[in-house]
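Add chain B to chain A, keeping to what the hints say.
Order-wise, the sequence lines are chains A and B.
Read in numbering that gives the first Met the number 0, the first sequence has 234 at position 235, and its numbers run on one by one without any break.
Read in numbering that gives the first Met the number 0, the second sequence has 70 at position 71, and its numbers run on one by one without any break.
Hints in this document: simulated from the structure, not taken from any laboratory.
Beta carbons: idealized from backbone N, C-alpha and C, even for Gly.
Take the hints with a grain of salt, since some may be wrong.
[As the list claims (entries may be wrong)] Here are some, though not all, of the chain A residues that point toward chain B, as calculated from beta-carbon distances under 8 angstroms:
no., residue
1, 80
2, 81
3, 310
4, 311
5, 313
6, 314
7, 316
8, 317
9, 318
10, 349
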Amino acid sequence: MPAESEIIEIIPGIAIPDFMVSEIQSKLAYADERIASVYVRSEQISIHLFAGKSATKEQRIEIEEKVQRVVSSLAKGAIQPKYQILEDHLDRRIPYHDDPHPALFSSGQIYQEAPGIFTLGPLVTLLITFFEDQFIELANSFGAKPYRFPTLIPAKFLERVNYFRAFPHSLTFVTHLREDLDVIDEFSQHAACSQEGLNTPSQSFSRIQTLLSPAVCYHLYYSLADKSIPDGQVTATAVGNCFRFESINLVSLERMWNFTMREIIFVGSKDFVLENRELARQRVAERLAQIGFAYKVESANDPFFIGEFRKQAAFQSAFQLKFEIHASLPYKDSTLAVGSYNYHQDFFGRNLNISLLDGKSAHTGCVAFGLERMALAFLAQFGPNPSDWPAEVSSKLKT
Amino acid sequence: MPEISPITIELVQSLLAEALQVPPDLITPDLAFGDLPQWDSLGHMEIMLRLEDQFGVSINTDEIAQLISVPQICQYLEFNGHAG
Chain A
0 MPAESEIIEI
10 IPGIAIPDFM
20 VSEIQSKLAY
30 ADERIASVYV
40 RSEQISIHLF
50 AGKSATKEQR
60 IEIEEKVQRV
70 VSSLAKGAIQ
80 PKYQILEDHL
90 DRRIPYHDDP
100 HPALFSSGQI
110 YQEAPGIFTL
120 GPLVTLLITF
130 FEDQFIELAN
140 SFGAKPYRFP
150 TLIPAKFLER
160 VNYFRAFPHS
170 LTFVTHLRED
180 LDVIDEFSQH
190 AACSQEGLNT
200 PSQSFSRIQT
210 LLSPAVCYHL
220 YYSLADKSIP
230 DGQVTATAVG
240 NCFRFESINL
250 VSLERMWNFT
260 MREIIFVGSK
270 DFVLENRELA
280 RQRVAERLAQ
290 IGFAYKVESA
300 NDPFFIGEFR
310 KQAAFQSAFQ
320 LKFEIHASLP
330 YKDSTLAVGS
340 YNYHQDFFGR
350 NLNISLLDGK
360 SAHTGCVAFG
370 LERMALAFLA
380 QFGPNPSDWP
390 AEVSSKLKT
Chain B
0 MPEISPITIE
10 LVQSLLAEAL
20 QVPPDLITPD
30 LAFGDLPQWD
40 SLGHMEIMLR
50 LEDQFGVSIN
60 TDEIAQLISV
70 PQICQYLEFN
80 GHAG
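Okay, chain B solo, but in the shape it has when bound:
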């Protein structure tokens, strides 16, 4: 598994902080679905929709179930050509 760029992690941390409406320092590099009360079902879908809007990707239901942590979202973006 290639190492994730720190810039990608920062991008994702920023996106998650906005989507979940929490301070950026709560978005740790290994944060996962359910670790914060705000990262619930609605919070998760807000993250997915912002990924679509900001990165122009189209996320399907399989990916919604897979992208459940900061590292997985980072890897997804880098795989889809959005490396930081």
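In isolation and in its complexed conformation, chain A is listed as follows:
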């Protein structure tokens, strides 16, 4: 934090329950572009503004009003989630305790192009390939059929599954220059990039019809829309680039704007989806035990935006729809979500008109792994030197 940055201290209009502190902290990043960092406590919120973006008295009032709006939306009448732990292996012996980032940066194994955008070198890539092989073997154990999905996703599809209402803050939009010779000529001759971004006027760009995909499994559901599933069930697997804008929360390999997910996706009856989700959890547990990975599996909710959070998060918690794999990060005495076990009930089946043989809406679920985060958590637990890694991993690296 630059020394000259301005701080606004705010007393929340209503007390913030402990279970909402981290949620409010992450959502306040989206309250105003001038916010550089946020520190939330139950009775006080500290807002640091970017250096060089000092605010007038009126602007400070405006920022405080936005902060209070976020707090009120999330904290007022918040329903405490049911905290469930399905597995706890955080006590596994971890040989490494330093932050691996400095060593990875200095050796050129990771390079940050921009906040949340990273290039990965051979070591991290080898590790990701190892985990990919593990997840593909897992997918094969379910007879999952391989798919390849695009990085782009149509806006009309995300609208159909309520994504704009649920996660507007994290969307990444795609555009291009309008098909207009004058516009293209003007751009080619005068386009320049400053710290603020391209100098191109917004009217030079096309209307947005496409976004960068925020998840992998959505593409499978889209391909099944308005159809009856011939065999009554589908098991699929795919890996893909995913994009979730996280503003000032885009920090290190822990939180990337552009990341990679491997998913195993189940579509069918409720029992089919739930049984396979549980079976997947058990099989993942066996694999992670073999490498001595320290983690726990606990209940979680998706990062809904403020308008939807109260209802959606409580619903997910009540019906045990989401569990996350939280890997130990010894260097910060904390954990990081590296994967999740998800059950969507018949949400996609209904909204996309995907039906089963009996005419009922299909249920869906997926098991998802963030590959860069898996690699980071492993490096945080075992260090950046492959000679220190468990034989189960080092013997299977495809050098």
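Below, chain B without anything else, positioned relative to chain A:
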């Protein structure tokens, strides 16, 4: 299981019709979560929040998962002293 008062059923039918924004005659006495397209996850939470607002009860996550039919909501209200 004690019989549910017809007045409680009427109260709940009225609340559900408003929460789900459907005509009251669609809220049958044995209606359950998922029986109407409107009684989806968001519709269900709208019902839960209206129960809290109108009856002054505090609903937890276990109850959100249990109160998934008109009879269960009626029994919950009567058990909590809101018999019709």
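Enumerated hints in conflict with the structure, sorted upward: Of the numbered hints given earlier, the structure breaks none, since each of them holds.
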